[in-house]
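Below, each chain spelled out in residue letters.
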Amino acid sequence: MSTKEIPKLIDDKGIRIDGRKKDELRPISMEVGVLARADGSAYIEWGDNKVLAAVYGPRQLHPKFMQDPTKAILHFIYNMAPFSVDERKRPGPDRRSVEIGKVCAEALSNVVLLEKYPNTVIDVFVEILQADAGTRCVGLTAASLALADAGIPMKDLVAACAAGKIDGEIVLDLKKEEDNYGECDLPLAILPRKKEVVLLQMDGSLTKEEFQEAFDLALKGCLEIYEKQKQALLKSMEVSEDS
Amino acid sequence: MDIEAYLHKDYILSLIRQKRRVDDRDFEEFRPLAITKGYVSTKADGSAHVALGNTKVVVGISIELGEPYPDKPEEGVLSTSAELRPMASPYFEPGPPREDAIELARVVDRGIRESGMLPLDKLFIEDGKVWVVYVDIHVLDHDGNLIDASGIAAAAALSETKLPRYEDGELIKGEYQGNLPLNGIAIPVTTIRIEDELLVDPCLKEEYAQECRLTVTTMDKNIHSMQKGGGHGSLKPQQVEMAIDYAFMHAPQIRKEIEKA
Chain A
6 MSTKEIPKLI DDKGIRIDGR KKDELRPISM EVGVLARADG SAYIEWGDNK
56 VLAAVYGPRQ LHPKFMQDPT KAILHFIYNM APFSVDERKR PGPDRRSVEI
106 GKVCAEALSN VVLLEKYPNT VIDVFVEILQ ADAGTRCVGL TAASLALADA
156 GIPMKDLVAA CAAGKIDGEI VLDLKKEEDN YGECDLPLAI LPRKKEVVLL
206 QMDGSLTKEE FQEAFDLALK GCLEIYEKQK QALLKSMEVS EDS
Chain B
206 MDIEAYLHKD YILSLIRQKR RVDDRDFEEF RPLAITKGYV STKADGSAHV
256 ALGNTKVVVG ISIELGEPYP DKPEEGVLST SAELRPMASP YFEPGPPRED
306 AIELARVVDR GIRESGMLPL DKLFIEDGKV WVVYVDIHVL DHDGNLIDAS
356 GIAAAAALSE TKLPRYEDGE LIKGEYQGNL PLNGIAIPVT TIRIEDELLV
406 DPCLKEEYAQ ECRLTVTTMD KNIHSMQKGG GHGSLKPQQV EMAIDYAFMH
456 APQIRKEIEK A
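One line per chain: the protein sequences are A and B, in this order.
According to this note's numbering, the residues represented by the first sequence are 6 to 248, in order.
According to this note's numbering, the residues represented by the second sequence are 206 to 466, in order.
Hint data in this document are derived by calculation from the structure and do not stem from the laboratory.
Certain hints may be false.
[As the list claims (entries may be wrong)] Lysine-lysine pairs mimicking DSS-like chemistry, simulated, CA-CA at most 30 Å apart: (1) A:LYS13 - B:LYS426; (2) B:LYS441 - A:LYS27; (3) B:LYS426 - A:LYS121; (4) B:LYS426 - A:LYS76; (5) A:LYS94 - B:LYS410; (6) A:LYS200 - B:LYS327; (7) A:LYS121 - A:LYS27; (8) A:LYS225 - B:LYS441; (9) A:LYS69 - B:LYS410; (10) A:LYS200 - A:LYS55; (11) B:LYS441 - A:LYS26; (12) A:LYS94 - A:LYS76; (13) B:LYS277 - A:LYS69; (14) A:LYS199 - B:LYS277; (15) A:LYS69 - A:LYS160; (16) A:LYS107 - A:LYS55; (17) A:LYS181 - B:LYS327; (18) A:LYS107 - B:LYS327; (19) A:LYS213 - B:LYS224; (20) B:LYS277 - A:LYS94; (21) B:LYS426 - B:LYS261; (22) A:LYS160 - B:LYS410.
Chain B extracted, bound-state conformation (with noise of 0.2 Å):
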């Protein structure tokens, strides 16, 4: 990566000394964002692909019968797993999940969860079993911003997410009872700071010369969850501000798209 990184990053830096993208979009603009929902239809209990601009990734979702958390008896349970395929980039290896990988199942995770669009007391069957639902989210080429492309994949894929049928204690395979229930869509949205300046939906290259990014996940006037990563930089007060603004300003175009995708 670093010798990629070091090659991108000053022209990059030129770019932005000139206010230009490095694909002509304006600071606080997202590229073109394209959801294919049903997109492995026939075995997932819910699925969606996402294009952002080329960053390509596909989320599963998988419901199955299970045990609640001890601490949490009358919950369903949510577990998010991210995979950042080979195939997605030369720097992507196989194996079990490094630290990236975790980053960002636990931060597409905690905008599900503490959003509450996902009502996992409604996932409550009876004493001692529970809906465990299952985000796989699976990166399949990776221009940037992966945090955003992943977490409207997973919302667009819970959207169309059925819930199986349940009989006599156990699932029945491939018959449903009706939609996974939610009680709503929660967006994120990662600006980068490269400099003084501030860019929404980062891609691969302006990464590269990222100081540091800020992801705010909202559902209508609520912030759930943030997470600064992606570099040592820090970040002014007023930059934390703006990013929480950019949150607001783009979420709901973001959640248009993905209800009538």
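Chain A extracted, bound-state conformation (with noise of 0.2 Å):
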């Protein structure tokens, strides 16, 4: 890693460049059913990342050779619109997104009772509107609130959020100023209920004890995450006055 000009992400105090304290999310506003064709749809706003989550099925596979008699295929489509970041992305699938919809879809498939409809796909699209770190967690986590709205069986929630590693001290939920500069980030994302993993991903450099710390924060992370959740899902169950 080179040293040069490295702005300082902590202050004396102890407060990030946003105002945060180490272990606090950014702000985090949720909303269920925001689309009127999608079978089950979400949209994310944390801190300066928009997504938007829609789901389609099951329904479906073709062409059929890629059919599973034995369950449905969940696919994860995870798109960078290119407006989303500073330099313009080019329009399209790259490999970073194509990982990212691999590890998500497995992340998913975990909770999606898939062997309720054979033959059948799944299919999540994440639409990355504006990005500023963490999208594959915001992604995430809109998915699968996204596919709760669809109606489709699970047996939990998906919740995400990440940790890293800025200024030699582990923080929850880094933004991109803090994912430019630090030293790591550690996306996980768990089965709340079972505080089980289903998405681990980390880069740069931690010892073994400071990943135990980033995992513990993350966990805390995606425990509140997940409370959210669950109160986005509330709330679109509500029945208006007027309706």
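Reconstruct the complex from the two isolated chains, following the hints.
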């Protein structure tokens, strides 16, 4: 790692560049059922991230030879809008989005009762409209809400959140500058009720002890996210006065 | 893949319940590792062949002159790709890399990049000109654990790579100024979960029965990259911790084998 002009990310009082404490999430709002056409949908604003998720299915999978006679297949398409980042992103899939789609599909396949829908596909589309670090966690969290909104039976929600290391300290939920100049990023997704891991990636540099601290912090973040997810789902069930 | 996987899965499960592995290894034991550096040495700037049990991988390193990324004008470029050649498995097909190949390349890439084993700042030549290091993974025979075999092969190949001579703005083909600078050797170690058991370095039949895998890449005392993949299964926090312990346990010996190869 080069040592040149890295801005200070935590001040003397332990406050981060956007005023957060080390174990504090960014402001988050979640809304379920935001698209008319999709079978299920959700929209999350998480710091400066703006992410939409839509679910179609279960529906017939084509081509037919791709079908699994024992269960449904879950596809997760992660897509960044060209205008979602500072330097325009070339439209279309790249290696990063393919990998994110793969690990997120694996995470969601853990909770969705795929055996109920043989020969079908459940398509999950995640659109990153504005990106500010942690988009795979936002996307996965939104996708899980959209699946619930679509009425697809699941064992649990999937809640995701990242921890990382900046200025030598373990912190929760990195924003862009912290991710760029920080020393580590650790996205985590869990089954909140069993507290088991369904997505775990990490890059940067951590000792085993630091990993443990970051893991515990990310886990705590996931549980906070889970509470927000439940609230958003309950809110979507409310019957308004005039309807 | 599905029929073969289905047939092998029950057998592997029954063995695991008897605390046995299909090749009689201990659960935390690696398969025999054979590393050949300079495997294709006349054209590539560095290369290595790795046999991990029956899994065979060749990595070739090509170094070219190129431009830096605009956001990192004083750093060289690392580019890693992987090809799952159709000769390696009846389920690999010709054509551009798919999901599995992309994940493989990216996990190996992150191990090299995040560990800083390849110091990209030392690959800067002059304004607008840097060395571009291509790491090309060629899987020849797939008997499981492609990530570790490829990561070890990439590390071995980089460790014997020579940096081309540079004169008057040109790369002099076939002449070298010395070794590619390296800060160390990052080693990936993959652990899978089958039921409640953890197994290190799975062979293909074991992968058929796995719930999921976790790869942990370490260098010296630090973790530099992790990737959970290989299926829908979940991991308990203590299983994640075990996988980290296995990574630290195996990496020094593998590193030694790369050094003496």
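Legend entry - Hint consistency between LYS441 (chain B) and LYS26 (chain A) [alpha-carbon to alpha-carbon, up to 30 Å]: Holds: LYS441 (chain B) and LYS26 (chain A) sit about 28 Å apart, inside 30 Å.
Legend entry - Distance restraint between LYS200 (chain A) and LYS327 (chain B), which requires alpha-carbon spacing of 30 Å or less: 43 Å, violated
Legend entry - Hinted pair LYS121 (chain A) and LYS27 (chain A), Cα distance within 30 Å: 43 Å, violated
Inset, instruction - Take a quick look at whether LYS107 (chain A) and LYS327 (chain B) sit within 30 Å of each other, Cα to Cα. - result: 34 Å, violated
Inset, instruction - Could you grab the alpha-carbon distance between LYS426 (chain B) and LYS76 (chain A) and see if it respects the 30 Å cut-off? - result: The hint is violated at about 43 Å.
Legend entry - Given pair status - LYS69 (chain A), LYS277 (chain B), alpha carbons within 30 Å: 46 Å, violated
Legend entry - Restraint status (C-alpha distance of LYS441 (chain B) to LYS27 (chain A) at most 30 Å): 25 Å, holds
Legend entry - Restraint check for LYS426 (chain B) with LYS121 (chain A), where alpha carbons must lie at most 30 Å apart: 46 Å, violated
Inset, instruction - Sort out whether LYS224 (chain B) lies within 30 Å of LYS213 (chain A), counting only the CA atoms. - result: It holds: about 28 Å lies between the C-alpha atoms, which stays within 30 Å.
Inset, instruction - Compare the distance between the alpha carbons of LYS199 (chain A) and LYS277 (chain B) with 30 Å, and conclude whether the hinted pair is satisfied. - result: With a Cα-Cα distance of about 42 Å, the restraint between LYS199 (chain A) and LYS277 (chain B) is violated, given a limit of 30 Å.
Legend entry - Hinted pair LYS69 (chain A) and LYS160 (chain A), Cα distance within 30 Å: The hint holds at about 28 Å.
Inset, instruction - Sort out whether LYS327 (chain B) lies within 30 Å of LYS181 (chain A), counting only the CA atoms. - result: 26 Å, holds
This entry does not satisfy hints 3, 4, 5, 6, 7, 12, 13, 14 and 18, going by the numbered hints stated previously.
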